[in-house]
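Participant: Each chain, letter by letter, is given below.
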Amino acid sequence: MALDPAVVARLGTLELRARTIVEGFLSGLHRSPFKGFSVEFAEYRQYMPGDDLATIDWKVYARSDRHYVKKFEEETNLDCHVILDVSASMAYGSKGITKFAYAQALAASLGYLMNRQRDAIGLTAFDDRVVAALPASSRAGHLHAFLVTLEQLQIGKSTNVSKPLHRLASTLTKRGMVVLISDLLDDPGEVIRGLKHFQFRGMDVIVFHVLDQDEIVFPFERATRFEDLESGDEILAVPALARGDYLKAMRGLIDRYRRELGGAGIDYQLLSTNQPLELALLSYLSTRGRVL
Amino acid sequence: MTFLSPLYLIGAAAAAIPIVLHFLHRQPEVRVKFAAVRLLRQAPVEDTRKRRIREWLLLALRVAALVLIAAAFARPFFPSAHASQAVGATIVALDTSLSMSAPAQFEKAKQLAKDAIRRAPAGDLVGLLTFADTAQATSPPSADRAVALAAIDGAAAGFGGTRYRAALSAAGQMALAAGAANPTIVVVTDLQASGWDAGERVGVPEGARVETVDVGAPAANLAITNAEARGNQIVASVRNAGPARDVRVSLTIDGKHAADAVQPIDAGETRDVAIASSKGTEAVVSVDDPAGIQGDNARYVVLDNASQPAVLVVTTNGDLRRDAFYVQQALSASAASAGFRVEGVAGSALGTMDAQQLGAAEAVLLMSTRGVDAKSRALLSEYLEKGGGLFVAASADVDGDVLSDLVGGAMSESAVAAPAGRTERHLAPIDPRHPVLQPFSADVATLGLATFRQIATLAAKACDTIASFTTGEPAMLDCPVGDGRALVFASDLDNHDNDLPLKATFVPLLLESIRYVGAGHRRGTSFVIGETPPGVAPRPGFATLTTGRVARRVAVNVNPAELDTQRVSPDDFQAAVARLRDAGKADAQLKSSDAEGRQRIWQYLLAAAIAVLVAESVVSMRTA
Chain A
0 MALDPAVVAR
10 LGTLELRART
20 IVEGFLSGLH
30 RSPFKGFSVE
40 FAEYRQYMPG
50 DDLATIDWKV
60 YARSDRHYVK
70 KFEEETNLDC
80 HVILDVSASM
90 AYGSKGITKF
100 AYAQALAASL
110 GYLMNRQRDA
120 IGLTAFDDRV
130 VAALPASSRA
140 GHLHAFLVTL
150 EQLQIGKSTN
160 VSKPLHRLAS
170 TLTKRGMVVL
180 ISDLLDDPGE
190 VIRGLKHFQF
200 RGMDVIVFHV
210 LDQDEIVFPF
220 ERATRFEDLE
230 SGDEILAVPA
240 LARGDYLKAM
250 RGLIDRYRRE
260 LGGAGIDYQL
270 LSTNQPLELA
280 LLSYLSTRGR
290 VL
Chain B
0 MTFLSPLYLI
10 GAAAAAIPIV
20 LHFLHRQPEV
30 RVKFAAVRLL
40 RQAPVEDTRK
50 RRIREWLLLA
60 LRVAALVLIA
70 AAFARPFFPS
80 AHASQAVGAT
90 IVALDTSLSM
100 SAPAQFEKAK
110 QLAKDAIRRA
120 PAGDLVGLLT
130 FADTAQATSP
140 PSADRAVALA
150 AIDGAAAGFG
160 GTRYRAALSA
170 AGQMALAAGA
180 ANPTIVVVTD
190 LQASGWDAGE
200 RVGVPEGARV
210 ETVDVGAPAA
220 NLAITNAEAR
230 GNQIVASVRN
240 AGPARDVRVS
250 LTIDGKHAAD
260 AVQPIDAGET
270 RDVAIASSKG
280 TEAVVSVDDP
290 AGIQGDNARY
300 VVLDNASQPA
310 VLVVTTNGDL
320 RRDAFYVQQA
330 LSASAASAGF
340 RVEGVAGSAL
350 GTMDAQQLGA
360 AEAVLLMSTR
370 GVDAKSRALL
380 SEYLEKGGGL
390 FVAASADVDG
400 DVLSDLVGGA
410 MSESAVAAPA
420 GRTERHLAPI
430 DPRHPVLQPF
440 SADVATLGLA
450 TFRQIATLAA
460 KACDTIASFT
470 TGEPAMLDCP
480 VGDGRALVFA
490 SDLDNHDNDL
500 PLKATFVPLL
510 LESIRYVGAG
520 HRRGTSFVIG
530 ETPPGVAPRP
540 GFATLTTGRV
550 ARRVAVNVNP
560 AELDTQRVSP
570 DDFQAAVARL
580 RDAGKADAQL
590 KSSDAEGRQR
600 IWQYLLAAAI
610 AVLVAESVVS
620 MRTA
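Chains A and B supply the protein sequences, listed in that same order. Each residue of the first sequence is one higher than the one before, counting from 0 in numbering that gives the first Met the number 0. Each residue of the second sequence is one higher than the one before, counting from 0 in numbering that gives the first Met the number 0.
Honestly, I wouldn't trust all of these hints.
Stated by the list, open to error - Simulated pairs of lysine-lysine, DSSO-like, Cα-Cα distance not exceeding 27 Å:
1) B:Lys374 <-> B:Lys385
2) B:Lys385 <-> A:Lys247
3) A:Lys247 <-> B:Lys32
4) B:Lys32 <-> A:Lys156
No lab work stands behind these hints: they were computed from the structure. Predicted, not measured: the structure shown is a model, and the values here were computed from it.
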């Protein structure tokens with residue numbers, strides 16, 4: 000059963016949230032997400048009581064009459080970079096959860112899931128600049144660092160999606176996967192160009208477009224003064240009069256992202272903050288399966 | 000600017016509603032921190048200042064619409080300059096009725112009237128009218144008080160009855176004609192109770208003040224209130240409004256003293272005194288009362304019964320006992336006092352009469368048209384054209400065609416039974432002021448006691464419906480025909496189709512109807528002052544009345560009602576004066592209504608209100 004994002008948001012730590020989401024998600028999957036995992040042989044060492052008998056290399060025993068066990072080094076499948084938008088516009092929320100909180104939980108869940116899959120996880124948070132960066136790694140304890148970094152993030156200032164994207168794209172050398180979590184309330188052309196930069200660098204990209212339900216349906220009734228979360232600009236609008244044009248503009252924005260990103264081979268997933276996060280995880284796994 | 004219906008201006012108070020709502024429901028501005036403001040920029044947005052202006056504009060438009068609608072309903076108009084120039088006026092109404100004619104009584108009244116003139120506020124116009132049965136403007140309102148004082152000196156008491164209604168109405172009209180806004184009407188009178196008819200209310204101008212100046216009760220008076228011949232006797236009713244005394248009543252016949260009778264009468268008592276009569280034509284019964292009112296000391300009686308006119312009752316056989324029992328009983332009982340004889344005639348015999356014979360009849364009561372031939376119809380039509388009176392009881396014996404011929408219009412008549420499932424059909428006056436129905440005005444409900452089982456449907460364009468049935472059909476039509484008059488009653492009078500003859504209202508209704516239709520052809524021998532026909536002087540005595548080619552002697556007496564010395568208090572008098580001030584109000588209302596009707600400002604206001612409401616709708620949509 001899918002968990003309500005607002006309920007999940009009330010759970011204690013981000014790690015707990017992530018684990019609750021992912022474990023619940025995985026238990027519901029019929030197909031193991033661990034298929035395709037690979038490990039590399041590292042060394043032999045002498046058998047010690049308590050070692051798994053299955054790891055004893057019986058051929059070596061036949062040759063040397065000693066018990067050796069195979070020591071494998073876990074191989075990282077992918078470098079996964081989570082790029083999280085922490086600009087001020089992400090602070091909007093109408094149903095008990097902000098877009099930022101939703102994006103945080105989504106990033107944490109993805110990190111947790113990636114870690115479970117032995118993928119290296121990295122994190123880049125940005126507003127109009129990069130505010131936090133954690134290189135991709137699959138080391139033990141990296142998940143904790145990932146989650147702590149994620150938890151310590153604060154809402155920033157105005158958005159400039161393309162600039163951090165270009166900057167991150169130019170630093171990544173290893174093939175991997177980029178996950179952008181943002182409300183994408185920026186110049187669509189610039190955003191799409193930034194994402195294509197990753198593609199150009201051989202990265203697979205998945206975009207989670209996080210919007211609040213109010214931003215999608217514009218349910219306001221009374222004449223309202225709308226204050227821009229980033230610029231502070233104010234607009235007094237009569238919803239009855241403005242609704243039509245607003246929804247048209249919003250649909251236009253979403254359609255453009257869906258059309259142009261889809262055309263470029265970039266996965267695009269629109270998420271409303273009232274939708275369960277499992278939807279995003281499923282989308283991620285689908286993309287990952289295609290990459291591997 | 001003034002208003003025809005100013006009460007509607009109260010509705011303008013509703014303008015406070017949007018104002019109060021505006022301030023009560025003034026909600027703090029809704030502010031939302033929003034992420035996608037950038038997308039809203041492409042939608043129509045509002046400027047804060049413009050919105051505030053729009054809100055105030057909206058409020059102003061709503062208030063204006065309500066005020067305009069209220070003002071339109073109040074029907075404003077600009078009064079003429081003439082109407083706004085009102086002056087004060089004092090109108091003195093001096094009672095000159097018989098009861099004021101006692102020696103010293105009228106002199107006192109004149110002195111009080113002069114005092115009232117002198118007492119009038121400086122600058123007031125002053126006018127004088129004298130009144131009895133009618134009112135005469137003796138001195139129209141003017142600033143010269145000497146004119147009014149001189150008019151009082153020239154006034155004299157007469158033989159008429161007291162009619163306060165006539166006095167107050169005339170005084171109101173005088174004040175209105177002079178343009179007086181709040182006149183004072185001073186009534187100088189002996190406050191005789193009979194001056195107010197039962198249930199009568201009078202209208203005086205709005206704002207008029209009515210004062211009474213009491214002349215006081217008349218001194219001890221002896222009056223003959225009635226005298227009539229009964230067989231070989233003359234019976235006189237003598238009222239003693241003074242100390243107990245022996246009253247000598249004298250009878251004079253044709254100018255010669257015939258007999259005397261002495262009767263002791265206690266104070267305040269009325270006694271009938273019978274005196275043996277002798278042959279003659281004109282009898283005068285008199286008492287000697289030099290200190291009291293002189294006009295009531297004698298009563299005049301015409302003794303020649305043969306000269307009494309007849310009421311012809313046309314039935315199928317002419318036998319009233321058989322064909323018109325109730326009518327015969329009712330008319331015979333009152334014939335003596337009413338001054339006419341009752342004769343029955345068969346419809347078939349009507350044609351044997353000549354015009355002169357029929358012309359001698361005071362009225363014709365047509366209860367059947369059986370046997371009434373073309374000649375009879377022509378005779379009746381001629382009789383009506385020359386001022387005769389016809390009362391038709393439209394029973395099953397009366398033919399609609401004959402009726403149409405007689406009343407000269409399209410009269411349809413057909414019997415109609417009571418509606419199915421409904422047996423009660425009663426009489427209901429439409430015009431209670433009609434002379435036939437006026438005597439019932441104090442208790443109209445008595446007319447509704449009779450139940451009508453079957454009626455005739457009547458319709459004639461030339462006739463007025465003065466009474467109808469409770470089921471809606473006309474019950475009594477008043478039709479003028481030439482110089483005469485016809486009344487058509489939509490049922491019978493012989494207890495066949497209704498029980499009217501069994502009711503107490505039957506006799507007075509029948510008599511009033513006969514009197515009414517016979518008024519133009521009146522043949523009575525006795526009249527009271529105030530009801531004398533043209534050609535007969537309104538003073539007690541004998542006179543010659545000529546109708547057509549026939550001349551006859553008639554007696555004229557003072558109205559017995561005027562001899563009633565009962566008085567009302569000034570408070571009761573004031574209570575009788577209607578505060579509604581209908582007369583003045585109606586007149587002023589009429590003028591105002593004319594002015595308002597010409598200017599039609601309400602239409603412009605209503606159009607403006609509609610325009611404002613349209614504007615309000617447009618602004619409201621943009622401000623939601």
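Participant: Does each hint fit the structure? Answer for all of them.
Facilitator: Hints and how they fare:
Restraint check for Lys374 of chain B and Lys385 of chain B: satisfied, since their Cα atoms lie roughly 17 Å apart, inside the 27 Å limit. Of the pairs offered as hints, the one joining Lys385 of chain B and Lys247 of chain A is violated, with about 96 Å between alpha carbons and a cut-off of 27 Å exceeded. Restraint check for Lys247 of chain A and Lys32 of chain B: the C-alpha separation of about 21 Å stays at or below 27 Å, so the hint holds. For the hint pairing Lys32 of chain B with Lys156 of chain A, the CA-to-CA distance comes to about 14 Å; that is within 27 Å, so the pair holds.
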